[in-house]
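A.B. asks: Construct the entire structure; sequences and hints are all you get.
Counted from 1, the sequence shown has number 375 at position 375 by full-length UniProt numbering; the numbering is strictly sequential.
To be clear, the hints were calculated from the coordinates, so they are not data collected in a lab.
For glycine and all other residues, C-beta sits at the position ideal for the given N, C-alpha and C.
There could be a bad hint or two in this list.
To be verified - Restraint-style ranges between C-beta atoms, simulated for each label pair: (1) 223 to 470: 16 to 22 Å; (2) 421 to 277: 50 to 56 Å; (3) 1 to 145: 48 to 54 Å.
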Amino acid sequence: MSGFWCERAWLPGVGGTGRSVSGSTQADDGPAPGGVVESVRVVTDGGRIVAVEPGVPASDGDVRLRGVVLPGLANAHSHAFHRALRGRTHADGGSFWTWRDGMYALAAALTPERYERLARAVFAEMSLGGTTAVGEFHYVHHRPDGTPYPAADGGPNAMAEALRSAARDAGVHLTLLDTCYLHGGLGPAGYEPLAPEQARFGDGSVERWAARVDALRTAWADDDRALVGAAAHSVRAVASDELAAVARWARAAGAPLHVHLSEQPGENEAALAALGVTPTRLLHDAGALGPGTTAVHAVHLTGDDVALLGTSGTGVCLCPTTERDLADGIAPGLRLARAGSPLSVGTDQHVTADVLAEARGVEEHERLASGRRGAFAPATLVEIATSAGHAALGRPDAGRIAVGAPADLVAVRLDTARTAGTDPAQVVLVAGAADVSDVVAGGDLVVRDGVHRAGDVARMLVEAIEELWAAAGQTAVVGKAAGLPAVGQRAGLPAAGQDAVVGQTTARPAAAQDITRGSDA
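C.D. replies: Right, here's the structure in full:
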């Protein structure tokens, strides 16, 4: 057994009143999702909490956690390799499409070994900020030409195994959202084949996708730190009958199902032009909505879309920093919550690896959209960042400091330049990843005094990102350039009317006209 003594801890069901993620805007409506209690001793055994003792002193041998100790944070939407694009796509303004071109070039350069090194560093960066579980929306399945990896190179799930190994080393629980990605886009004439740069994302059919994922679930059946979920990339990449098949697989497996939804208007325009319905209606008609499903982004929704998501109990994962960075827009978070959709958050392309910032962004976006403060109480934001996120990742018992829950704890300092003077109950509105001092995941002390057990995370990131960009520069042509820049040179990305492909340049419509391959990378 291990003991952790918390100067203050966020315990469920205390702290006055607040509102749940589906509650009203009134501050006195409903029971509190949680609140701060002083001098709390948490005892763990076998990776779970076996005792919670409020109002007691520390015992000999306890690990002392200062500040406010929150439940472990859940990062419900991640594309680990997108981290290599941070800080490289802004020099010329650009658009979503120029960002995506660079992303495709990096995807082409990934190998299982490179992916493991990069993901280990990215997951460790998340861990430094308090993330104890991540939902990795995984679609880089095969070799660049679309053929599966042979057994000698790890087999058809070599990339998934690289992510599992990386998460284990970084000390985070992994929900691998294995993504079905079958079409290159949705045009006026219907679904299009995968483009060369998308070839490694696809399995060829939903049946082959399911067979590969079944094998992965069998291989991971005894791993209590990793589980396999399902994802359909989007309604642009998975047709209605295929969506229905993916949803049936997820329900039969008892696995979470995630899907990108209406991140940008182009997806809605494409679906309406080709199919006569919104993407949300398409998911509904395919039987893909429901309590086990999480829609990611959900920015551009009609009133009917909001009602369909809410009444079905479909969760929504918001990614505010990405939605700002890529100029996606502001999701109707409050309307979705009121309609009945549980909200979670993710760092997506990792503009930051900061779940606290994402949770705060839910309230900040609502303020910008409505001109009012306080749509989401601090306690609700903590719930969004913890228990609601874990539930979306198939871990409904996680995200709370209570007997029987996974022993995931995050200590947030109250004595930094950012948090000094803060009411502990409102820390989520001011603190960020840099204010996290200690992280316990599954009973293991993964971060102590701001230092990760894996070592120098910044150095790990530099080395992995430089390696990937160097490899991309040797294998990819981006737009009209002769190649991607070497490490240390300016990362010039292509104009919006060019695709990033391996070994060739391909013209395509300007970004304002392109609605066939959509928004969510």
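A.B. asks: All hints are to be evaluated individually against the structure, with a verdict given for each.
C.D. replies: Hints and how they fare:
One distance hint, 16 to 22 Å for the beta-carbon pair residue 223 and residue 470, is violated here, with the actual separation near 33 Å. Between residue 421 and residue 277 the beta carbons are some 51 Å apart, a value that agrees with the proposed interval 50 to 56 Å. A C-beta distance of roughly 52 Å is found between residue 1 and residue 145, which places it inside the suggested range of 48 to 54 Å.
Against the hints set out earlier in the document, a violation occurs for number 1 only.
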